[in-house]
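The listed protein sequences derive, respectively, from chains A and B.
Position 5, counted from 1, in the first sequence is what the numbering used here calls 17; the numbers after and before it change by one each time, with no gaps.
Position 433, counted from 1, in the second sequence is what the numbering used here calls 664; the numbers after and before it change by one each time, with no gaps.
Some hints could be false.
[Claimed, not checked] Below, simulated PhoX-like cross-link-like pairs (lysine-lysine); rule was C-alpha separation at most 25 angstroms, straight line:
id, chain 1, residue 1, chain 2, residue 2
1, A, Lys57, B, Lys455
2, B, Lys572, B, Lys498
3, B, Lys455, A, Lys216
4, A, Lys140, B, Lys455
[Unchecked claim] Here are the computed distance ranges between Cβ atoms for each label pair:
id, chain 1, residue 1, chain 2, residue 2, range
5, B, Leu416, A, Tyr107, 25 to 35 angstroms
6, B, Pro501, A, Phe210, 42 to 52 angstroms
7, B, Ala254, A, Ala164, 30 to 40 angstroms
8, A, Gly183, B, Asp415, 34 to 44 angstroms
9, B, Asp536, A, His74, 22 to 32 angstroms
10, B, Leu502, A, Ile93, 51 to 61 angstroms
11, A, Ile83, B, Ala683, 54 to 64 angstroms
12, A, Met72, B, Ala605, 31 to 41 angstroms
13, B, Leu534, A, Asp148, 45 to 55 angstroms
14, B, Lys537, A, Thr45, 28 to 38 angstroms
15, A, His74, B, Pro501, 50 to 60 angstroms
16, A, Thr45, B, Pro501, 34 to 44 angstroms
17, A, Ala171, B, Ser377, 29 to 39 angstroms
18, A, Val214, B, Leu502, 50 to 60 angstroms
Worth flagging that the hints you see were computed from the coordinates, not collected in a lab.
Using N, Cα and C, we set each Cβ at its ideal position, and we do this for glycine too.
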Amino acid sequence: MSTAVERALPPGPATAARHPLFIATGAVVAAGTMMVFGMLAVWFKFRDASPLREGRNAKMIHDWLPADLKIPEVATNTLAITMVIAVIMGQWAVYSATRKDSQHTTLALFITGMIGIAAINAQVAIYKQMGAVLADGAYQTMFFTITGTVLALMCSGVAFSFVAAFRVLGGRIADRAVVTAHAMYWYFITTAFIAMWFVVYVQK
Amino acid sequence: MTTVNMPSTTGAAVPAGSGFLSAVAAWLTTTDHRRIGRLFMGFSVLWVLSIVVVNAILGFERIDSASIAINEGALPQLFAASRTLASFGVLIPLTLGLAIAVVPTQVGARSIMFARNATFGFFLWLFGTSVVVGSLIANGGPGGGSATMVDLYLLGLATAMLGLVAASISVIATVITARTAGTDLADVPVFSWAALIGAVSTVLTLPVALGTLIYVAVDHQYVKAAFGGNTEISTWLGWAMTQPQTFLYVIPVVGVLAELAPAVARKAQPLRGGVFVGIGLMSVALFGSVTQNIHGFEWSGTLSDKVQSFVPYAMFNLLPLLGMVVVLGLALLALRSDTLKITPAFIPVFLGGGMILTALLGNAVQLLSSAQLAGTVFEEGVLHYITYGAVLVVWGAVAHWSTQLWGRELPAQAVIGLGVLGFAGTVIAALSMYIAGFADQQSEVVADFTYAGPAGLWNSASTVGHALMALCVVAGVATATRSITASASTGGAQ
Numbered sequence: 013m014s015t016a017v018e019r020a021l022p023p024g025p026a027t028a029a030r031h032p033l034f035i036a037t038g039a040v041v042a043a044g045t046m047m048v049f050g051m052l053a054v055w056f057k058f059r060d061a062s063p064l065r066e067g068r069n070a071k072m073i074h075d076w077l078p079a080d081l082k083i084p085e086v087a088t089n090t091l092a093i094t095m096v097i098a099v100i101m102g103q104w105a106v107y108s109a110t111r112k113d114s115q116h117t118t119l120a121l122f123i124t125g126m127i128g129i130a131a132i133n134a135q136v137a138i139y140k141q142m143g144a145v146l147a148d149g150a151y152q153t154m155f156f157t158i159t160g161t162v163l164a165l166m167c168s169g170v171a172f173s174f175v176a177a178f179r180v181l182g183g184r185i186a187d188r189a190v191v192t193a194h195a196m197y198w199y200f201i202t203t204a205f206i207a208m209w210f211v212v213y214v215q216k
Numbered sequence: 232m233t234t235v236n237m238p239s240t241t242g243a244a245v246p247a248g249s250g251f252l253s254a255v256a257a258w259l260t261t262t263d264h265r266r267i268g269r270l271f272m273g274f275s276v277l278w279v280l281s282i283v284v285v286n287a288i289l290g291f292e293r294i295d296s297a298s299i300a301i302n303e304g305a306l307p308q309l310f311a312a313s314r315t316l317a318s319f320g321v322l323i324p325l326t327l328g329l330a331i332a333v334v335p336t337q338v339g340a341r342s343i344m345f346a347r348n349a350t351f352g353f354f355l356w357l358f359g360t361s362v363v364v365g366s367l368i369a370n371g372g373p374g375g376g377s378a379t380m381v382d383l384y385l386l387g388l389a390t391a392m393l394g395l396v397a398a399s400i401s402v403i404a405t406v407i408t409a410r411t412a413g414t415d416l417a418d419v420p421v422f423s424w425a426a427l428i429g430a431v432s433t434v435l436t437l438p439v440a441l442g443t444l445i446y447v448a449v450d451h452q453y454v455k456a457a458f459g460g461n462t463e464i465s466t467w468l469g470w471a472m473t474q475p476q477t478f479l480y481v482i483p484v485v486g487v488l489a490e491l492a493p494a495v496a497r498k499a500q501p502l503r504g505g506v507f508v509g510i511g512l513m514s515v516a517l518f519g520s521v522t523q524n525i526h527g528f529e530w531s532g533t534l535s536d537k538v539q540s541f542v543p544y545a546m547f548n549l550l551p552l553l554g555m556v557v558v559l560g561l562a563l564l565a566l567r568s569d570t571l572k573i574t575p576a577f578i579p580v581f582l583g584g585g586m587i588l589t590a591l592l593g594n595a596v597q598l599l600s601s602a603q604l605a606g607t608v609f610e611e612g613v614l615h616y617i618t619y620g621a622v623l624v625v626w627g628a629v630a631h632w633s634t635q636l637w638g639r640e641l642p643a644q645a646v647i648g649l650g651v652l653g654f655a656g657t658v659i660a661a662l663s664m665y666i667a668g669f670a671d672q673q674s675e676v677v678a679d680f681t682y683a684g685p686a687g688l689w690n691s692a693s694t695v696g697h698a699l700m701a702l703c704v705v706a707g708v709a710t711a712t713r714s715i716t717a718s719a720s721t722g723g724a725q
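Chain B extracted, bound-state conformation:
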């Protein structure tokens, strides 16, 4: 596979002078795919930090279910911020940014196709998510008390979706049309394939949410009758921020794992086609989005009833799990090698991949009616596993491709240490929610819940997990910033 590691020649020329303003202008008008990707990832990290802090606050608030320390009226906004930003502030843009930065290099293109469209998509997304956050702070969002801010929340969400779809189109066009001459689609690196599947899934599903959002926004602005006003926003749009839809957002992350396993094993991926099929299988969750429904399995009634319930459940929840198992299985097969040399970057990627598998398993269990997990915090645990798992994988991916992104490797100790710390934080934060879910702790409630078992312990553990994750994110940003700054001072790629 031809790779192009030189700085992009199609990037915007840096204006004369080396002042701060000219540097900012160069970044704002950039058409360099690595810069666009880094912009997406950089601002996503800001939202990662925001949701980690929000999750920690909510966890802390749940430790003592008898009292509420923060303003009770702010709780719907905190829950909405956690959920909205997990999907539209972190999962999609983080993986999309990685794809924009890496895919052109992998397929042999000089830059991302329609680079200005990708930059435009970034600014739309940044503006949209900023508006979402602003509206939530000002009492908007689902269940918000200010009608204007609820409208603003919907507008921001629509803008963010448009930006993500626009940037995804650039990724699709790059993989399909800008490959090195003579290279088939089946020959592209696994990560590029996963980025293509992820981008196609985004392009096909977010517009469905956007169409519904337009209805909800118009109804909220004028009538507040048909779609239930501010309290029913989650009923109509919640599917875009929960499972199985969130599995689509992390498909590129699975591609990172599949890409790095043979790289550390220093051998060709056995059954490479199987990896492609496994990644494609995960996109079956796409159809779950089209139906705008969550499909559970009801173990009741006649055999025919059970089969009728099982088929859609298996289709939308077990097939994506099967896809992940296929990818992980083939990755493990690749790792059976005498030439195996584990790199620092592989550790967070492997641990993060395990978190996503745990999320897929959790989702499959959660939707069994006999497990009685509906409406419990178990679903929040699944979302934590997916979000933090994806962050860990992207951390590993950035470490793996850092020389291509800014011309300098990240320190090995920091990559491994933060990977392990993030893994610990994820497990502590999410697993305690799994356990609390089995104990029947209600979802999106911080007070007046009781159940047999040490509720304070599980919620304390979850808070500690989020705090560890916050520490991990801050340290990761500091490490990357130091590396980028050092690279810039030695004349590396910026």
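Isolated chain A (complex conformation):
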């Protein structure tokens, strides 16, 4: 029996893939967006199902956020601004990499990572200020789950920033795909956070 190997033509020249990392990161971002927005949808479902009670100005509101829990609005709003700054730094890295400016690219990537660490710190501070306990009820469970998921995404973003920074520091400035993918990933994290911030911290 003849085999494919015997019949096969010699292979053609290797095809250079076109922006594979960018496309793969795009797929990761799409997956992450679906996950976070799916979680927000479940949050809405629970909030809408909660009973109504009289709030300030005699306005009827959903009894979703327990009365003994207060959202620290200064910290959460500062965190939202911090996330926007992180994405600006990520874009600065792309701008510098396009100009083959390794110093500014490295600096921008390290700053993005450091801002990410600051954001993680802020989120932990919010947990401490709120004093919520995960096992206290449905709200607390869902609050820690959704904010914890976004926190995990932030941690992965920080790791990505430092990996990208050390690659550039190692002289791989011509490899712009990583820096571009890194910026896209931070756009995603920031978008996911802003959506979560608006629903959980602003709308409550």
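Let chain A serve as the given structure and place chain B on it in line with the hints.
Below, chain B without anything else, positioned relative to chain A:
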């Protein structure tokens, strides 16, 4: 279309020596797309065999509704194993494995993009599904009695989902970025297009299930209040293991049918764009997943009520059916040819495609409120049709591409014989559930059900069907193993 049939040059080098350990190491660290694909398909077959056996046990248990032979406490685990493994152990990984093995060759790439990511995805999936099975054996899963094992089930499911998403990303990147220079996306072979649509659908829907699963897992671990604990897992995650979501998992299978029809007709596919649209239309079921809801059609109330009920029903259940009809119709159009020469591989593919169409039709009927099929075994029949139909199509696809996968053709008699046997098994197993569903036999119950009609006959028939399918799977594995072994001994691709 340029094809690359030579062994991958980017695969992991085989370590020195030809011992068993070095061969295992080469497989474990492989970056050869054909090996990764075969790993996915090989272990999926293990889960196919598991669910066929579980389904046969459940069918046997239903023959006499007055008594229970097995431990009653194990029933939730058996039903959960059947459902979970059908989606996450068979449908997605089987089709994904085929895509990983074949797509790079079709689009002219040397290997799958991010091959290590695909391998990592395989191991995540294998670990996750193994944990799921282990936890089910140890009284976990939906309705499980052991809280630790229920947590483990959820962890395993999340891991398996992550693995499948990771491997799907490699398929997406390959089709989009590694095509032969000058080839548009519209020029890729139909199977590659279907693999792309299927992978995109997986990447967009499984994370929604994963997000919900994280909530359920945290709630189950700490509170057991908001999400109902172990008994409500299916309420929150069941949509990912039933229709219309399962239609997304078999989109690549539909691509196989559309690919092989013009190949056996030895002519170009007429209205090729229409096939692409038909396959894309099936992914409309994706939106059903996003809503995390099953949309039935209620024939009651005013005309406005009926329209309001019909639109989402048609959107989520009839459009995927329309997509399948378009693909099948155009495949039949291609088969109208003077140069038609049916190959052995086409027979199981054609029969399996028919099973999936039957499943789509069944699902559309099941969701009509006036049919009164909700909560009956009819839905189990639909899932059997999809699962076994997909297995048949992949069997045909493996036979079609076996020379590319391991350098040797499968014996024609075995391909045809097992295809026909599998078809018979599928019809007997699933059609009897359709009939029992119309007779109002309750779903996920094995005892204390009564209805007018020969209940024992339908459940006996279903058991025989599953047994035939088990025989078919075992014989298929033996046939493929012999072919691979023979190929290896003659120096073919491994």
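Q.
Please check whether B/Leu502 and A/Ile93 have a Cβ separation lying inside 51 to 61 angstroms.
A. 54 angstroms, holds
Q) Do A/His74 and B/Pro501 keep their Cβ atoms within the hinted range of 50 to 60 angstroms? A) Check passed, 57 angstroms falls within 50 to 60 angstroms.
Q) Holds or violated: B/Lys572 with B/Lys498, Cα cutoff 25 angstroms? A) 11 angstroms, holds
Q. Should the hint that B/Leu416 and A/Tyr107 are 25 to 35 angstroms apart at their CB atoms be regarded as holding?
A. 30 angstroms, holds
Q | Range hint 54 to 64 angstroms (beta carbons of A/Ile83 and B/Ala683) holds or violated | A | About 60 angstroms separates the Cβ atoms of A/Ile83 and B/Ala683, which means 54 to 64 angstroms holds.
Q: Given the range 34 to 44 angstroms, decide if the beta-carbon distance of A/Gly183 to B/Asp415 lies inside it.
A: Cβ of A/Gly183 to Cβ of B/Asp415: about 36 angstroms, so the range 34 to 44 angstroms holds.
Q. Given a hinted range of 29 to 39 angstroms, is it respected by the beta-carbon distance of A/Ala171 and B/Ser377?
A. About 35 angstroms separates the Cβ atoms of A/Ala171 and B/Ser377, which means 29 to 39 angstroms holds.
Q: Determine whether the Cβ-Cβ distance between B/Lys537 and A/Thr45 falls within the hinted range of 28 to 38 angstroms.
A: This hint holds: roughly 35 angstroms between Cβ atoms.
Q: Would you check the hint for A/Lys57 and B/Lys455, treating anything up to 25 angstroms between C-alpha atoms as holding?
A: 18 angstroms, holds
Q) If you check the beta carbons of B/Pro501 and A/Phe210, does the distance land in 42 to 52 angstroms? A) The hinted range 42 to 52 angstroms holds for B/Pro501 and A/Phe210, with Cβ atoms some 51 angstroms apart.
Q.
What's the verdict on B/Lys455 and A/Lys216, does the C-alpha distance respect the 25 angstroms limit or exceed it?
A. 23 angstroms, holds
**Q.** A/Ala164 and B/Ala254 - C-beta distance against the hinted 30 to 40 angstroms
**A.** 38 angstroms, holds
Checked against the numbered hints above, the structure breaks none of them.
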